[in-house]
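Based on the hints, put chain A in the right spot on chain G.
There are 2 protein chains.
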Amino acid sequence: MKKYQLMAPGPTPVPSEVLLAMAQPMIHHRTPEYEALFVEVRAGLKQLFQTGQEVLPLACSGTGAMEAAVVNTLSAGDRVAVVRAGKFGERWVEICRAYGLDVVELAAPFGETVPAGRVVETLRREPRLRAVLAQHSETSTGVLHDVRGYAAATRGTDTLLIVDAVSSLGIADLPMDAWGVDVVVAGSQKGLMLPPGVGFCALGDRAWARTKTATLPKYYLNLGEERRCVVKNEAHFTPAVSIIVGLRQVLRMLEREGLPNVFRRHDRLARATRAGAEALGLELFAKATPSPAVTAVVAPPGVDSERIVAAYAEAHNITIAGGQGEMKGRLFRLGHMGYAAEFDVITALAALEQVLADLGQPVDFGASVRAAQKTFAEKA
Amino acid sequence: MKKYQLMAPGPTPVPSEVLLAMAQPMIHHRTPEYEALFVEVRAGLKQLFQTGQEVLPLACSGTGAMEAAVVNTLSAGDRVAVVRAGKFGERWVEICRAYGLDVVELAAPFGETVPAGRVVETLRREPRLRAVLAQHSETSTGVLHDVRGYAAATRGTDTLLIVDAVSSLGIADLPMDAWGVDVVVAGSQKGLMLPPGVGFCALGDRAWARTKTATLPKYYLNLGEERRCVVKNEAHFTPAVSIIVGLRQVLRMLEREGLPNVFRRHDRLARATRAGAEALGLELFAKATPSPAVTAVVAPPGVDSERIVAAYAEAHNITIAGGQGEMKGRLFRLGHMGYAAEFDVITALAALEQVLADLGQPVDFGASVRAAQKTFAEKA
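Quick mapping for you: the protein sequence lines, in order, are chains G and A.
Numbering follows this note's numbering, with no gaps: position 1 of the first sequence is 15.
Numbering follows this note's numbering, with no gaps: position 124 of the second sequence is 138.
Do not rely on the hints blindly, as some may be mistaken.
Where chains are identical, the list cannot tell them apart; a pair therefore holds if satisfied intra-copy or between any two copies.
What the hints assert, rightly or not - Derived lysine-lysine pairs resembling DSS-like cross-links, with alpha carbons at most 27 Å apart: (1) Lys342 / Lys301; (2) Lys16 / Lys226; (3) Lys342 / Lys101; (4) Lys226 / Lys246; (5) Lys101 / Lys246; (6) Lys342 / Lys246.
The set of hints was computed from the structure by calculation and includes no laboratory data.
Just chain G, same shape as in the assembly (with noise of 0.2 Å):
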């Protein structure tokens, strides 16, 4: 017997209370009973998002809320920035470039991040720029950009920042309103602890206001009709009924926590992670602020990081990440976010050792393990 893991970075593992949730009988979302959930489910993720707005959760993966971000603030031919260091950087680009817009990238090595500073120059040689794009942690490189630098940046001038926050809502601090980010969005599947199938947009005023002028075409993904049925506790249209019934649970779950101890959780699970891989001479992928979700790793020279996804999968049946793109064979990715604990990582690690070695790799045995302990044995 080899229990499953999953230790990817996304989807992640669904607590069991919520399988449970999701696995009560269909309701009908017109009806008293969806209501007094929805209500319950609009006030949790506004603390989620640390913001005073509507979240609008659409029946969508995380890359249907960010074309969401897109067509509702936008028109064709705007000028906008965006920040590239690695594939969802990239996907910003190419969601852009599908509809018209004029793109700039910001762009740096995977691995690295984009200072503020390089914001701060674009929007000074770019008065016009329409919006920044950028993610908050980028899942295939495993850093944390400096969403809080860039929201200084953008916050006294017409440009917007919209931020894909969906491997790091719930995982490292984002409050939206007291950074003056204008859009977050986020996915069901990270640290929501959910099935993938919803996507989450949240939009401060000079969004709102924006979409009242931008022109690209929607329907599906209309936020402002979207709203109007939301304050109504209705969706606009068929919500991902079992999956909304499942995030109320993981709402009360993440408020029993208390938000700080969730980023803090994920601090150390991250910090842990990290001090295991560098303990067996591993390089980590990430140079510049290492993402508290995942944790790239490069592989040992002459090792293809994917003959190590597939030892964790065959010997161990544990899923974890090779790297996309550019960066496959080159990295393998430990996802540490959502329902994730210490013992998770012990394990991620301990089955790195015997992986490692089965690959012929020298390795000290329990030596990664025991800095993860280390890690945790510091005061938080």
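Same frame as chain G, now just chain A:
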């Protein structure tokens, strides 16, 4: 104790074996386990859609899949005809107009349908029509449009036939390839007995050819990119994993029953429901070919149909649906689609008798149940 019964025209109840499959621990969508599941799902969907084409599951509601059909096959300024005889016909119009299409409305009074002859005439008058869009089953009025006739009219022309089969797939016969329907759109929460959250699009060769020249902007709903992934047993973006897991169970159930039997079951349930309503002296709303998915019944003179819906809920814990838009207050709708069987119809009708009596209407108790039983006693 009043047992909860979901008898609305979607979402429909989810069978417990499907709920339990979906309550299994989350799996990752890039694993051999998911691939094996998806191979089976792809094959099952082709049988269900009665097509040799790939059926593309998208993480969105049925409306998202409707939009996908439009944005992948059409270009701004294209002239299209929409069969409009209910709320979902209106939705086609709204989607087309949101994307700058030039819409010719083929309207019929709600409760009626548009004869294929009008499509033939329109094609003669408008030789440059790029597409005809219609519902198969119009959920809001309970009619079934003559998709077979529309297909006969369009398939010898350059005009595509795009059909919303959200409330007919797996309910009424719709042999896509045999009839020559160019695009079929469906959703997870009706005949497929799943939670809402997955939409489906299947395109025939003519529609795929059209995607090469269609210029409407799209990214999340780009079906060409989706197909490129689906044939490799992948998804372009994170799929709604739990619903796809449930879908495998549903496809097995449908195969066990046999598609002809599935259609026969729905036809019997619909006939029994109509017979039951008429036995109480009630008027059916669908004057034309009634849908086997849902029966729309006109409220007795002087009774607001919303009171009937409320009485079902409050006195009996049964969710049915009222009228939508201009039909609000005038009619109520009994769903008998998906996970629905004979005694569900008996329950719905027995409750109807009690509801009407409670609202002060004269009722011959047992009359509608008897009429339904007689229908069930007939050789199918």
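Evaluation of the provided hints:
1. Lys342 / Lys301: Cα proximity of Lys342 and Lys301: one copy only (18 Å, versus 60 Å across).
2. Lys16 / Lys226: neither (55 Å within a copy, 47 Å between copies)
3. Lys342 / Lys101: Within. Shortest intra-copy distance 11 Å satisfies the 27 Å Cα cut-off; inter-copy 48 Å does not.
4. Lys226 / Lys246: Close inside one copy (21 Å), not across copies (41 Å); limit 27 Å.
5. Lys101 / Lys246: For Lys101 and Lys246, the Cα distance is within 27 Å only across copies (20 Å; inside one copy 37 Å).
6. Lys342 / Lys246: between (46 Å within a copy, 18 Å between copies)
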